[in-house]
Amino acid sequence: MMQKEALLPEIGVITDIRIDTPDVKTFRVVTPDGKKPFLHVPGQCAMLSIPGVGEALFSITSSPTNTEFLEFSIKKCGCVTSFLHSIEPGQYVTIRGPYGNGFPVESAFLGKDLLFVAGGIGLAPLRSVINYCRHYRDKYGKIDIVYGSRSMQDLVDYREIIDEWCKEEGINVHLTIDREQPEWSGHVGFVPNFVKELGFDTGKTAVLCGPPIMIKFTLAGLQEIGFQKDQIYTTLEMRMKCGIGKCGRCNLGDKFICKDGPVFRFDQLEELPDEY
Amino acid sequence: MQQVIRDKALSLLEAGKVDRVLAWKEGEFFYDQTPHVFKTAEEINRSLVYNGFSAANLSKYLVKETLKDGMIAVFLKPCDTYSFSQLLKEHRIPREKVWAVGIPCDGKLDIDRIRKAGLRGITSIREDGDRLSVSTIYGEKTVAKSDALAERCENCKSRKHIVYDELIGSEGEALDSGRFDAVEALEKMSPEERFAFWQKELSRCIRCNACRNACPACTCEKCVFDNPASGIESKAPASSFEEQNFHIIRAFHVVGRCTDCGECSRVCPQSIPLHLINRKFIKDINEFYGTYQAGENPDERAPLTNFDKDDMEPADAFRKGE
Amino acid sequence: MKKIALQNLPKLFSAISESKALYLPVDTESGAEFRLYREGDTLSEACNTNRSAKDFFFPQVEDMAEFKVEGKKIEVLDIRRESEEFVIFGARACDVKSFEILDSVFLADPVDTYYKNRREHVTVISLACNFPEETCFCSTFGIDAASPAGDVAAWIIDEELYMTALTEKGEAFLSAHAALLSDADESKVDKKKEEIAEICHRLPLQNLPVEHFKAEKLMEHFNDPKWAELSQSCIGCGTCTFVCPTCQCFDIRDFDTGNGIQRYRCWDSCMYSDFTQMAAAQPRLTQLERFRQRFMHKLVYHPANHEGTYGCVGCGRCLAKCPISMNIAKVIKEIGGEK
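Chains as they are written, first to last, in the numbering used here: chain A, 1 to 276; chain B, 1001 to 1322; chain C, 2001 to 2339.
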């Protein structure tokens, strides 16, 4: 019997496409017989492809606790993503995974107060872990979520945030947008400053995801208010072809983002070249 | 000659005429020199070399080097000055940032030809007139220099320097070389034989892009073969057609601009005679539009970017191919 | 220990190729190359083939799957056929060692079955190097040119080829061809090994200071200011990568055959600008970062992940082939401290 080849994908069917923002859509993927393609850990990724267009790695945005399907929130920016934005439900894709380490939800995060900080499409990987922690609510302490985007329209998963996260006890959601908008009554300003203004308790474990510039300043801001690097996690992105540590392009020093990451703690990153 | 060149480099640097010197740096052995930008007298005295293996054409490095501040001196062999001149013509190099020193060349050596003569474990080579004394780990050997010349030097087209600020040694002449003989032999083949010839040669290609990256005529910011938007981006041939595609398209892109410097064949790790494709184009241009040597005349318009009522009609070219 | 007269090698080659595909290094106009045995081919004496032996397991281009696309539907077609039994005859110690390094990547979990299938179907007959070249530095990495690994090790001594089995596969190979072989004693081989060792001692690059590269000093090596000068003239081609027996980075791409989509894997090079190019970012912006990545991978990252084994076997192909003669030997000397 031939071993299963990791690089050979399975077929997936897109059953639902939700328009999140002007350039982000969320795709629901199941197997042709309607099942969830595979199990995963929050923070893990999968390779999606449209044969003839290309294959690319995306973080899984749905929570592992969802037993019916996988979801991917995808921003239109390159070849594969542009194509995905042009398709309709019923479209087949190929899928393989899951890849990467995921967040330490069953180890380091247990019993901790969690602070999630996201910018723009950076919410996509965090949505999986946030919903996981909501599902196993008693395993974790208080949850704070700071999320910002360019505008109100650019906030990904806005309905879920308002209708579910904001209404849940023990979860504090802090939203911000970059510039004033008439229909927006919430906070206005960049994420890093907002985080500093909010001034969180330094006993929390923080998770950052967003554009590099946001990460850089939020990290500095958190350190300013007393956080240590070993309390702060992030998830990285790099060009990948295999997802299994063999194609050779996503390494930071001796660590492969696809295999040893994408989730890293900042004290680990400190010991690695900053080629990300 | 090496000492003369070192002294020239030192004096240009010391006089403040230039900030950097582009030349050849010595390697582990006699033959493995690396193009190098020298910044100090110490470095020049320690490792600037010029000998039979200073083969690399340095002119293309000027495209990148002249983006930096300051003046750079460069040493150019006669054939390198054709490339330099062509690059100037194409506005790839600002002339005022370069101090070009023409240097003599009596043909460069090809280590692979020496190896092919059965010499192994070569640790050093001395030039004694028309003989080479070769030291190997298996003893001393001698080889006739003429048996070790690179193909492009056996068929040297010119010993004349086209552009320079100063010249070391005396000026030479353009030569009547036999460089089109091999092209003629290919033309005499039947289409089937010719196809088989190129199939055999090009099927060895590993698409390392050394020919393209070394070519002074290939200075596109983004090559079509690296550009996902071009539709022909490729890293390796997915079919045997693609393998020929790369070299033929590359040859078309440099046609009329290729000076026949021979770097493509020199750097090819698979010893594919790539220069023959370009030479075929050069020969055709000579025959269709009158003799033209790219890089030779900075003011002359290239035949393919010029129109003349006497130009050959496409139909004539087509008939010629029959 | 078995032996066969060199003049009888064609008989052995014919016998092997009757049941299995036989590949051996053959001299061609453009240097030695491994190729499928044809009657009349003789074993090349060259130390290095132009292309390394990695091609057997990790070919430059390899079709992985085919997709049939109809409207919104996609079907995956199995087109795999890497199950041919084959023999590599005359691989050198460095190339054989490179298989071990490739194994550590491709056979690590999850296994690359394309590679694994080919590895399982091979019998490797290695050949000791009677005439190492000045570019050889395998001993730097603890490889003995006189005692190559493989399923069977072989030595050419005078007019005879001596062979000894090193694995069960090797035993099977020798017994399958026993009729053509005769028993031999080891004394001549031992003497040959001494001779080769003596030559290796005289090789100029035999003992490069590679031990200076240490995983603990990863950041120190990474930040070494010498990378700028070393990479200065690199033209960013993929020659070193493609002739290297241990370079194994690849790309996966799709090709529209007009009749379906072929998904293929092909060699890729960290020296190329698009290797890490993303739609919106490029972590390795200049040739310095790309150049550094290649050597850091071989000398620091790979050993850090694989119990100290360097990602280089000292075959010297990159020394002979680099258009600008910049290579790992020069890097080891500069960054490793000597010179």
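Mixed in with the good hints, there may be bad ones.
Claimed, not checked - One side only, chain B facing chain C, incomplete, derived with CB under 10 Å:
1. R1006
2. P1035
3. I1137
4. K1141
5. K1145
6. E1233
To be verified - Beta-carbon label-pair distances, calculated as ranges:
7. K1200/B with S86/A: 52 to 58 Å
8. P2225/C with K1116/B: 35 to 41 Å
9. M2278/C with M152/A: 42 to 48 Å
10. E1221/B with I87/A: 32 to 38 Å
11. E1221/B with E164/A: 46 to 52 Å
To be clear, the hints were calculated from the coordinates, so they are not data collected in a lab. Idealized CB from N, CA, C, for every residue including glycine.
Exercise for review: List, from low to high, the hint numbers that the structure doesn't satisfy.
Suggested key: 1, 4, 5, 7, 9
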